[in-house]
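K.L.:
Residue-level listing of the chains:
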Amino acid sequence: DAMVIQNPRYQVTQFGKPVTLSCSQTLNHNVMYWYQQKSSQAPKLLFHYYDKDFNNEADTPDNFQSRRPNTSFCFLDIRSPGLGDAAMYLCATSRVGQPQPQHFGDGTRLSIL
Amino acid sequence: SQQGEEDPQALSIQEGENATMNCSYKTSINNLQWYRQNSGRGLVHLILIRSNEREKHSGRLRVTLDTSKKSSSLLITASRAADTASYFCATRGGTSYGKLTFGQGTILTVHP
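Protein chains in written order, with this note's numbering: chain B, 1 to 113; chain W, 1 to 112.
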């Protein structure tokens, strides 16, 4: 089945140690999104790609970067994780055109020691 | 910033009862979507209603949209224990690439 896959499901890193989360999709969707979701809160959009066009949200910290080497893969890099970055990170995709739902992966839960 | 507010924040019912969740938003929208999130999992799209639609059905789900009041409701009929999850409304404006703004969510617990 076509889907959005996030690896790993659980990631533990040390305070200040760079970490990369990955997302792949078999849906061939143009747009890929990264969300941060803290406990009992709504998902918060960090940035998205339309093909290779990167769009950063105004309030996304500089500590968060992203790469999309091809249509299928997208990476979230956290350069120097702080304790406040512990959260679930969700990747989603959608096709350009209206109206379109977003298709989510199961997320990566990031813990900071 | 989050656009939507959902009401109630938590809802606890018995199996077989109906569950109604409400969502309000602040700015004009292109469409409104409802998602379900099981604990520790990603979001699953349930239903999408366009701004020119007033009501939509999908199986046991019924969604209404009142653009004059900037509000929507999700009704789940004949609830099951498997419906236990968090439910989020999300609005899409007319701007870039399907960006969604999520409400705070309603935690639904259905007791067997």
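Treat the hints with caution; some may be incorrect.
Claimed, not checked - Subject to a maximum C-alpha distance of 25 Å in a straight line, what follows is the list of computed SDA-like cross-link-like pairs (lysine to any residue): (1) 38(B) / 15(W); (2) 44(B) / 70(W); (3) 99(W) / 13(B); (4) 99(W) / 41(B).
Stated by the list, open to error - Simulated restraints on C-beta separations: (5) 95(B) / 28(W): 18 to 24 Å; (6) 97(B) / 5(W): 34 to 40 Å; (7) 18(W) / 53(B): 19 to 25 Å; (8) 28(B) / 38(W): 46 to 52 Å; (9) 10(B) / 61(W): 17 to 23 Å; (10) 12(B) / 75(W): 38 to 44 Å; (11) 82(W) / 96(B): 40 to 46 Å; (12) 68(W) / 99(B): 17 to 23 Å; (13) 84(B) / 93(W): 44 to 50 Å; (14) 61(W) / 17(B): 42 to 48 Å; (15) 12(B) / 68(W): 44 to 50 Å; (16) 5(W) / 79(B): 31 to 37 Å; (17) 84(B) / 78(W): 38 to 44 Å; (18) 95(B) / 66(W): 26 to 32 Å.
As the list claims (entries may be wrong) - Covered by chain W, according to a simulated footprint, are these stretches of chain B (three or more residues, beta-carbon under 8 Å): (19) 41-54; (20) 106-113.
Since the hints were derived computationally from the structure, they do not count as laboratory data.
Because the structure is a prediction, the values reported are computed rather than measured.
Just so it is clear, CB atoms sit at the ideal spot from N, CA and C, and this is done for glycine as well.
K.L.:
Please flag the earlier hints that this structure goes against, numbers listed from lowest up.
P.N.:
Hints 1, 3, 6, 7, 8, 9, 11, 13 are the ones this structure does not satisfy, whereas the remaining hints hold.
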